[in-house]
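Protein chains: 2
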Amino acid sequence: MTTEPHIASAFDRDLEAIQAMMLKMGGLVEAALLDAAQALETRDDDLAERVRRGDKAIDALEEQINIEAARLIALRAPTAGDLRTVLTVMKIAASLERCGDYAKNLAKRSSVLSQMSPISGSAGAIRRMAKAVEVLLRESLDSFVQRDARLAADVRLRDAEVDQMYNALFREFLTHMMEDPRNITACMHLHFIAKNIERVGDHATGIAEQVIYLVSGALPEEARPKDDRTSTALPPGAK
Amino acid sequence: MTTEPHIASAFDRDLEAIQAMMLKMGGLVEAALLDAAQALETRDDDLAERVRRGDKAIDALEEQINIEAARLIALRAPTAGDLRTVLTVMKIAASLERCGDYAKNLAKRSSVLSQMSPISGSAGAIRRMAKAVEVLLRESLDSFVQRDARLAADVRLRDAEVDQMYNALFREFLTHMMEDPRNITACMHLHFIAKNIERVGDHATGIAEQVIYLVSGALPEEARPKDDRTSTALPPGAK
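As given, the protein sequences belong to chains A and B, one line each in that order.
So the first sequence is numbered by the UniProt record's numbering: it starts at 1 and just counts up by one.
So the second sequence is numbered by the UniProt record's numbering: it starts at 1 and just counts up by one.
For reference, chain A alone in the conformation it holds in the complex (with noise of 0.2 Å):
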């Protein structure tokens, strides 16, 4: 059995180096999530034009997680403790790999609308939301280093607050477009750069999830607070 820790601690090296790209993932949809809102902010067509080239990393990274996770997997048959482990860090790298195109999606948008009048107020409200989101999403990853579930349960209940400013901001959209049909087309953009970053909040719940399932085995019984009212909206003024 002298062989046994050998194996273990090639396991756990592994398992260090996906976990690493993971984070480095992380880091990366955390950067553009904030600079694609920066660039609607300022009208910065060049750091638009960056966000959207950088998620080519991006998906480079998933894939790579993706063949090393595999490659873990088959040569070293994990227990199922740590394949579980292995698995969760497959499923947070494609919700990262979401995350990224919605930020790319962001900054798309984001060049558009520098372009057509500016919807007074908007951009420094998606900005003070992605932000909101990029610390979500950080902490969700965090839980999962540290395997914090308190953490992790944190990230769940304050994604509800995410979902509130989304709603604000629908409503807002909505007032200015019945305002004046000249902002319809801007507030269509600004309404879906609103929706995939609250979609961002989502998956760092998701990810949160994941956390707490790694380790306490179950899923949160409670369903998730979700206050995104907005599908059920009806036109301001109606009862």
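The set of hints was computed from the structure by calculation and includes no laboratory data.
Among these hints, one or two may not hold up.
Partial chain A-side listing against chain B, Cβ under 8 Å, derived [what the hints assert, rightly or not]: (1) M21; (2) L23; (3) A77; (4) A80; (5) R84; (6) L87; (7) L174; (8) M178; (9) I184; (10) T185.
Here the structure is a predicted model, which means the values were calculated and not measured.
Built from N, CA and C at the ideal position, the CB exists for glycine as well.
With chain A fixed as given, assemble chain B onto it according to the hints.
Here is chain B on its own, set in the frame of chain A:
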């Protein structure tokens, strides 16, 4: 080596079982999409409610697939090729779960839209789009079962047609909103519905790409034909 065939067939049997669950999931998602589109067109709130409730069964199947797949990997220690198949089933199940969420969201918005004045022609156009996407989703799953890279490549190409249907609807909704601000809220919901159906099409494409990767060992080289140009859309009439 007399146990070899036994081990192999136990793996095959387990794999068959999770594939069957995945196909059942696919059938539920296809039905949910078509039912939700029909509920929208016929303003059938009961049908919409059934779609919303039905999403739980789809989520439960994904969880079961994840558990069974992890168990299969841990118990059978599959070879690299077999492992890739199991991981692909997990990825496809995650895609189907997202598609189920989109159908549920469509059903939610359908219940809201039934309380508003209809936008002429929109529900029929959305039903046709849902039908086209349902066919793509079904064929992407068929291509997996039959390991048919040619069918998968065909699905991938035809997703551009769905993107074109979405583009046409996007322009139409913009026009309706500009013509009459009272249409704005309904058109926002319809627009989200169209976008979510288009995203189901993207998932069908993603599944097809997984199949091509599984069969050929390489992802398709040329970038996926992508024809959603609305993220760079300017107002109708703008140059």
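Original post:
What hint numbers does the structure not satisfy?
Top reply: Those not satisfied are hints 1 and 2.
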